[in-house]
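K.L.:
In case you want the letters, here they are:
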Amino acid sequence: MLWEAIFLQLGYNATLVTIGACFLGIAAGVTGTFLFLRKRSLVSDAISHATLPGVALAFIVMVSLGGDGRNLIGLLLGSALSAGFGLLCVSWLTRQTRLAEDAAIGSVLSVFFGFGIVLLTVIQSMSSGRQAGLEGFLLGSTAGMLWSDAVVIAVGGALTLAVVLVLRRPMGLVAFDPEFAAANGMNVTRIDLTIMALAMAVTVVGLKIVGLILIVAMLIIPPVSARFWTDRTDRVTLLAGITGGVSGYVGAALSAAAPSVPTGPIIVLVSFAIFAVSLFFAPTRGVLAAVLRHLKFQHRVHMRQGLLALAQGQPIYEKLTLRLLLHAGLARADGVPTETGRARAAKALRDEKRWEVVRTDQAFEGAAALYDGLREIETVLTEDQIGEVDRRIGGPQGVVA
Amino acid sequence: MSGEEFVPLSLTPLLIGMFAAVACALPGNFLVLRKQALIGDAISHVVLPGIVVAFLVTGTVSTWPMMIGAAVAAVVAVGLIEAIRRLGRIEPGAAMGVTFTSMFAGGVLLLEQSDTSTVHLDVEHALYGNLESLIWLDAVGWQSLWDPAALAGLPNELIRMGLTLIVVVCFVWLFWRPLKLSTFDEGFARTLGMRTGVLGLALVVIAAIAAVAAFDAVGSIIVIAMFICPPAGARLMTNRLEVQIVWSVIFALMSAILGYFIAGYGPQWLGAENAVSAAGMIATVSGLILALAALFGPCRKRTGAPAV
Chain A
1 MLWEAIFLQL
11 GYNATLVTIG
21 ACFLGIAAGV
31 TGTFLFLRKR
41 SLVSDAISHA
51 TLPGVALAFI
61 VMVSLGGDGR
71 NLIGLLLGSA
81 LSAGFGLLCV
91 SWLTRQTRLA
101 EDAAIGSVLS
111 VFFGFGIVLL
121 TVIQSMSSGR
131 QAGLEGFLLG
141 STAGMLWSDA
151 VVIAVGGALT
161 LAVVLVLRRP
171 MGLVAFDPEF
181 AAANGMNVTR
191 IDLTIMALAM
201 AVTVVGLKIV
211 GLILIVAMLI
221 IPPVSARFWT
231 DRTDRVTLLA
241 GITGGVSGYV
251 GAALSAAAPS
261 VPTGPIIVLV
271 SFAIFAVSLF
281 FAPTRGVLAA
291 VLRHLKFQHR
301 VHMRQGLLAL
311 AQGQPIYEKL
321 TLRLLLHAGL
331 ARADGVPTET
341 GRARAAKALR
351 DEKRWEVVRT
361 DQAFEGAAAL
371 YDGLREIETV
381 LTEDQIGEVD
391 RRIGGPQGVV
401 A
Chain B
1 MSGEEFVPLS
11 LTPLLIGMFA
21 AVACALPGNF
31 LVLRKQALIG
41 DAISHVVLPG
51 IVVAFLVTGT
61 VSTWPMMIGA
71 AVAAVVAVGL
81 IEAIRRLGRI
91 EPGAAMGVTF
101 TSMFAGGVLL
111 LEQSDTSTVH
121 LDVEHALYGN
131 LESLIWLDAV
141 GWQSLWDPAA
151 LAGLPNELIR
161 MGLTLIVVVC
171 FVWLFWRPLK
181 LSTFDEGFAR
191 TLGMRTGVLG
201 LALVVIAAIA
211 AVAAFDAVGS
221 IIVIAMFICP
231 PAGARLMTNR
241 LEVQIVWSVI
251 FALMSAILGY
261 FIAGYGPQWL
271 GAENAVSAAG
281 MIATVSGLIL
291 ALAALFGPCR
301 KRTGAPAV
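Going line by line, the protein sequences match chains A and B. Just so you know, my numbering puts 50 at position 50 of the first sequence, and the rest follows in order with no gaps. Just so you know, my numbering puts 45 at position 45 of the second sequence, and the rest follows in order with no gaps.
What the hints contain is simulated information worked out from the structure, not anything from laboratory work. Honestly, I wouldn't trust all of these hints.
As the list claims (entries may be wrong) - 27 Å max Cα-Cα, derived DSSO-like pairs, lysine-lysine:
1. 347(A) with 180(B)
2. 301(B) with 35(B)
3. 319(A) with 347(A)
4. 35(B) with 180(B)
5. 301(B) with 180(B)
6. 39(A) with 301(B)
Unchecked claim - Okay, the calculated bits of chain A under chain B, using three or more residues with CB under 8 Å as the criterion:
7. 189 to 197
8. 368 to 378
Unchecked claim - Label pairs and their calculated CB-CB ranges:
9. 168(A) with 180(B): 39 to 49 Å
10. 399(A) with 190(B): 29 to 39 Å
11. 63(B) with 85(A): 53 to 63 Å
12. 329(A) with 72(B): 23 to 33 Å
13. 336(A) with 202(B): 28 to 38 Å
14. 202(B) with 332(A): 45 to 55 Å
15. 61(A) with 240(B): 53 to 63 Å
16. 184(B) with 359(A): 23 to 33 Å
17. 11(A) with 58(B): 50 to 60 Å
18. 169(A) with 58(B): 53 to 63 Å
19. 166(A) with 58(B): 30 to 40 Å
Glycine included, every Cβ here is placed at the ideal spot set by N, Cα and C.
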């Protein structure tokens, strides 16, 4: 059942939803990247909640004009208008008043959503039975998706993607260094609004599939996951697109295989799973990599301190140090150094003395700056320089009786 | 409108709405000043999975397990946001977005998967609440306020919300100085020996308690609106925290009262028959108040100087 869903063998409607969700995921991931890099991910939350009054108003207008009221294009147009208005409100509140952006986002989100709910109750009392489709916009409903709906979603997603690809340079620049972008003659405010407008387009297109409460997740989670794997903007964008597409595809397929499972939440949970994997297992930025790095560092410190203690004939009480030395064959269980241990300890002590000379001599200033108590001196100085340092230290001297 | 009609049908929902609004607006003042306003948003989203899990564990729709479940979910969410922020070195907004959407999705999924069709538990209810249905059946008029038998029939939500309001007021009153200091100058508060981390967490927990209790009665949309709109509006009216708190309480009460009456009676004045959602209308009114404050408030500009 699941494999059939993955390979689109589950019938017309399921295939339609799966492909639509995949397109949507790609567009959302790519667009969300710029929101995330601009540190304004939660603006999308305000945008998505602000679509509700637009949907309801569009429905009311279409019904009062004698139409069906459930025309998807009309509803999406309405939602885009009110989301755009909400966006302008956030931007106006942030720039014209002393309120911080989070307060502006929160107030727009709750007020627009509240007003949307008022309108929904108006619709309920206005024409009994005909409002059935609108609650679906809260959590998404893919059950009765039509070919025309899928076309709207695919075209909307593709257009958004195209605009993002054309504008990725200025948007990336503004996301990283707005002052530099402004100095280069770019209109930062306008580019910011463009990023938001693209996020709005994704939100509006995604309303039907994942619903307005969860579309935020498709804009936020894929870029956050992608950010773990690379430090380059274009790759983050690409990875976020892929992550979003995969979560959309797999999520929709899963929900097609198990019909009682709603599509939106599944898509979100699939992308959360990808996020969790990235958080723990990504190289360099992941938690596992950080833990390994820390352990390795700890081992180096203990090893170094242990060798210095051996060289100076001090007893070692630290259990971890002793275990490490034992494991490397440098000491015996009672803390007495082996032959190799003695040699390595002597070298460690010698290096310590060499560093001491290096750090007191202005001529070695550059090298001395790299001293952190662990670095091998051979990685910093040439053989000739080490020879020079050794000449200053001198060889072993006999004890004067 | 006579007492026979007003007291049983409107008095309790109105009081519950007012209590909920003030209980959320008070901690909201500090959250807005600390730029943590969206914590309220996150909390109100994760309340749903908490309630669903509590329902699945206990198997009944009783209030206390659900409130505890919701409170636990709120604390888990705050912990998770902090963990993701620190472990993944992600900016707080994105960490919040990842956490609350995923937990909300989990809640919706559990709700749809489990057999909750027989009980009154659904996403729409969680969002709008059912303020209008919290009527006081035993009341016959104003004289019922002195009638012990009728008072025993007060909706439980009213008592719970009243208790929550008392807890919130006590918290703000007892910890006034530390809260104020750590909100404006956390470094200074720490040098005085205050445990600012614990205090910040306590504030979030109090906010969560207010959110959960209010959510039970009025739905999550009021919770978010009341956490942010009245304090944000009050912030534009004054530069003094004490005055700001007073303004935020006034705004919260105005939103609750005006919103409730416009929702209940507004459509009749316009000729329609059915009332509209009170929760939604309260949120809308609070937004209008904020808009007025943003347009005309004496301290609306960033410099903070009142417009002369």
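K.L.:
State for each hint whether it applies.
P.N.:
Structure-based check of each hint:
1. Restraint check for residue 347(A) and residue 180(B): the C-alpha separation of about 58 Å exceeds 27 Å, so the hint is violated.
2. Our distance criterion of 27 Å between C-alpha atoms is met by residue 301(B) and residue 35(B), whose separation comes to about 17 Å.
3. A threshold of 27 Å between alpha carbons decides the hint, and for residue 319(A) with residue 347(A) the separation of about 23 Å falls inside it, so the pair holds.
4. For the hint pairing residue 35(B) with residue 180(B), the CA-to-CA distance comes to about 14 Å; that is within 27 Å, so the pair holds.
5. For the proposed pair residue 301(B) and residue 180(B), the alpha carbon gap of about 22 Å is at most 27 Å, so the pair holds.
6. Taking the CA atoms of residue 39(A) and residue 301(B), the gap is near 24 Å; set against the 27 Å cutoff, the hint holds.
7. Restraint check on the segment 189 to 197 of chain A versus chain B: 0 residues with Cβ-Cβ distances below 8 Å, three needed, restraint violated.
8. Residues of the segment 368 to 378 of chain A with a Cβ under 8 Å from some Cβ of chain B number 0, which does not satisfy the need for three, so the listed coverage is violated.
9. Taken as a hint, the range 39 to 49 Å holds for the pair residue 168(A) and residue 180(B), whose Cβ atoms sit roughly 46 Å apart.
10. One distance hint, 29 to 39 Å for the beta-carbon pair residue 399(A) and residue 190(B), is violated here, with the actual separation near 55 Å.
11. Against the hinted window of 53 to 63 Å, the Cβ-Cβ separation of residue 63(B) and residue 85(A) comes to about 39 Å, which falls outside the hint.
12. Take residue 329(A) and residue 72(B): their Cβ atoms lie about 51 Å apart, and the range 23 to 33 Å is violated.
13. One distance hint, 28 to 38 Å for the beta-carbon pair residue 336(A) and residue 202(B), is violated here, with the actual separation near 55 Å.
14. Checked against the hint of 45 to 55 Å, the pair residue 202(B) and residue 332(A) passes, with Cβ atoms roughly 54 Å apart.
15. Between residue 61(A) and residue 240(B) the beta carbons are some 46 Å apart, a value that contradicts the proposed interval 53 to 63 Å.
16. Distance hint for residue 184(B) and residue 359(A): a CB-CB separation of about 44 Å, inconsistent with the stated range 23 to 33 Å.
17. In this structure, residue 11(A) and residue 58(B) break the distance hint of 50 to 60 Å, their C-beta atoms being roughly 39 Å apart.
18. Between residue 169(A) and residue 58(B), the C-beta spacing of about 56 Å keeps the proposed range 53 to 63 Å intact.
19. Between residue 166(A) and residue 58(B) the beta carbon distance is about 55 Å. The supplied range of 30 to 40 Å is therefore violated.
Figure legend: structure checked against the earlier numbered hints; hints not met, in rising order: 1, 7, 8, 10, 11, 12, 13, 15, 16, 17 and 19.
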